[in-house]
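Number of protein chains: 2
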Amino acid sequence: MIFSSKLIEEAVQEFSRLPGIGKKTALRLVLQLLKTDKEDVDAFTGAVSRMRHEIEFCEECHNVSDGPKCVICANPGRNRSQVCVVETLRDVIAIESTQQYSGLYHILGGILSPLDGIGPDQLNISSLCKRVKENGVTELIMALSPTIEGDTTVYYIAKQLTGTDVNITTIARGIAFGGELEYADEMTLARSIAKRLPIDNYVTMQGK
Amino acid sequence: MIFSSKLIEEAVQEFSRLPGIGKKTALRLVLQLLKTDKEDVDAFTGAVSRMRHEIEFCEECHNVSDGPKCVICANPGRNRSQVCVVETLRDVIAIESTQQYSGLYHILGGILSPLDGIGPDQLNISSLCKRVKENGVTELIMALSPTIEGDTTVYYIAKQLTGTDVNITTIARGIAFGGELEYADEMTLARSIAKRLPIDNYVTMQGK
Numbered sequence: 005m006i007f008s009s010k011l012i013e014e015a016v017q018e019f020s021r022l023p024g025i026g027k028k029t030a031l032r033l034v035l036q037l038l039k040t041d042k043e044d045v046d047a048f049t050g051a052v053s054r055m056r057h058e059i060e061f062c063e064e065c066h067n068v069s070d071g072p073k074c075v076i077c078a079n080p081g082r083n084r085s086q087v088c089v090v091e092t093l094r095d096v097i098a099i100e101s102t103q104q105y106s107g108l109y110h111i112l113g114g115i116l117s118p119l120d121g122i123g124p125d126q127l128n129i130s131s132l133c134k135r136v137k138e139n140g141v142t143e144l145i146m147a148l149s150p151t152i153e154g155d156t157t158v159y160y161i162a163k164q165l166t167g168t169d170v171n172i173t174t175i176a177r178g179i180a181f182g183g184e185l186e187y188a189d190e191m192t193l194a195r196s197i198a199k200r201l202p203i204d205n206y207v208t209m210q211g212k
Numbered sequence: 005m006i007f008s009s010k011l012i013e014e015a016v017q018e019f020s021r022l023p024g025i026g027k028k029t030a031l032r033l034v035l036q037l038l039k040t041d042k043e044d045v046d047a048f049t050g051a052v053s054r055m056r057h058e059i060e061f062c063e064e065c066h067n068v069s070d071g072p073k074c075v076i077c078a079n080p081g082r083n084r085s086q087v088c089v090v091e092t093l094r095d096v097i098a099i100e101s102t103q104q105y106s107g108l109y110h111i112l113g114g115i116l117s118p119l120d121g122i123g124p125d126q127l128n129i130s131s132l133c134k135r136v137k138e139n140g141v142t143e144l145i146m147a148l149s150p151t152i153e154g155d156t157t158v159y160y161i162a163k164q165l166t167g168t169d170v171n172i173t174t175i176a177r178g179i180a181f182g183g184e185l186e187y188a189d190e191m192t193l194a195r196s197i198a199k200r201l202p203i204d205n206y207v208t209m210q211g212k
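Protein chains in written order, with the numbering used here: chain A, 5 to 212; chain B, 5 to 212.
If we strip away everything but chain A, and leave its shape as in the complex, we get (with noise of 0.2 angstroms):
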């Protein structure tokens, strides 16, 4: 693409510099800034800006924060004894949208991954066990991926804890609300059946 403004060539370049931008859609955004207020590209930067510059992470949880604690943490309503563990932010955000869950969270920040040199250093593992040791935790649900790696971590994990009495639990997997099953895959297909539930807990799940 040949552009008769560098002021409009650098702005392309970083916008599509992000993940899934193209030069095509770059260009549609930076056009359509560009017939945008003054004051309102401004605030556009602004927000970006201040979000890289003074977000803190939280030194309990490693969840992203406003403050030195976020906003799960410092919530005195929330129970203190329940740790949902995640791989990332994006898990928290996903969870706390369903508003089911009460408890706090543990950022691992990853999983476990040998061959891409993430080693237990590389994540929020020895943390995670100050919380459970010191913290009165009496339940870990553990909600990594469902592979190979994220049970290895589970494992990991429920290893470096062994000796306390907290309750290691992970989400329950099976077919999805609305799934069908001749399009769910065998590992999921056989892992239901094989982890049933009595009729009615499944009721009780549904009334839930």
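Take these hints with a grain of salt, some might be off.
The list cannot tell twin chains apart, which means a pair is met if one copy fits it or any two copies do.
Stated by the list, open to error - Here are the simulated BS3-like cross-link-like pairs (lysine-lysine), alpha carbons at most 30 angstroms apart as the crow flies:
id	residue 1	residue 2
1	LYS163	LYS134
2	LYS39	LYS27
3	LYS73	LYS39
4	LYS73	LYS42
5	LYS10	LYS73
6	LYS27	LYS73
7	LYS28	LYS163
8	LYS28	LYS42
9	LYS134	LYS10
10	LYS199	LYS73
11	LYS134	LYS27
Hints in this document: simulated from the structure, not taken from any laboratory. Computed from a predicted structure; not experimentally measured.
Mind docking chain B on chain A? Use the hints.
Just chain B now, with coordinates in the frame of chain A:
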């Protein structure tokens, strides 16, 4: 979506104001910027802010420009007697990218559309007429939308220029190269038969 940080929430909100970017995409972009070095985020916001605040519009052709005259109008190698009339900057970029046109441009800023309240005074038509009369323009190439509004705009401009000896042409419409006859719309197909070309003319065009 429920965010645990106001900073993240505001950045996501600003991104999702852009066209074609929903909440989920905005979150993806924000989380990517959160992982990016602070200097690179500053380069991003700086480029966007500079683009909006420092951009000027060429006093001759209304193209975006880094100074009072755009690089196309300022280029002494361009053919100053040919002016291609387009609706928006996007059209200039598309035509420039073919690298086949060496004349100048004139950006109207849209086409006549009385129902949307766009009359001749909302477009850069008077400055176009002035250019034609004062700058020795011999050919106006109309590259507007092939719609009723586009045709109306062409006729309006042609009427304004009666009395001058400028030659007004319009870009060729027809079946695109690689296009299938069976999928062409009736209007295009009908016109491309009516405006058929002698075969040696066609061969020359392909060879060019």
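To see whether the hints hold, each was checked on the structure:
1. LYS163 to LYS134: within (14 angstroms within a copy, 82 angstroms between copies)
2. LYS39 to LYS27: Classified as both; 19 angstroms inside a copy, 22 angstroms across copies.
3. LYS73 to LYS39: So LYS73 and LYS39 pass the 30 angstroms test across copies only (20 angstroms; inside, 39 angstroms).
4. LYS73 to LYS42: between (35 angstroms within a copy, 22 angstroms between copies)
5. LYS10 to LYS73: Classified as between: cross-chain Cα gap 13 angstroms, same-chain 43 angstroms, threshold 30 angstroms.
6. LYS27 to LYS73: Cα proximity of LYS27 and LYS73: across copies only (25 angstroms, versus 39 angstroms in one copy).
7. LYS28 to LYS163: Neither. Shortest intra-copy (50 angstroms) and inter-copy (36 angstroms) distances fail the 30 angstroms Cα cut-off.
8. LYS28 to LYS42: Classified as both: same-chain Cα gap 23 angstroms, cross-chain 26 angstroms, threshold 30 angstroms.
9. LYS134 to LYS10: Cα proximity of LYS134 and LYS10: across copies only (28 angstroms, versus 53 angstroms in one copy).
10. LYS199 to LYS73: The answer is neither: 38 angstroms in one copy and 72 angstroms across copies each exceed 30 angstroms.
11. LYS134 to LYS27: Cα proximity of LYS134 and LYS27: none, with 47 angstroms in one copy and 35 angstroms across.
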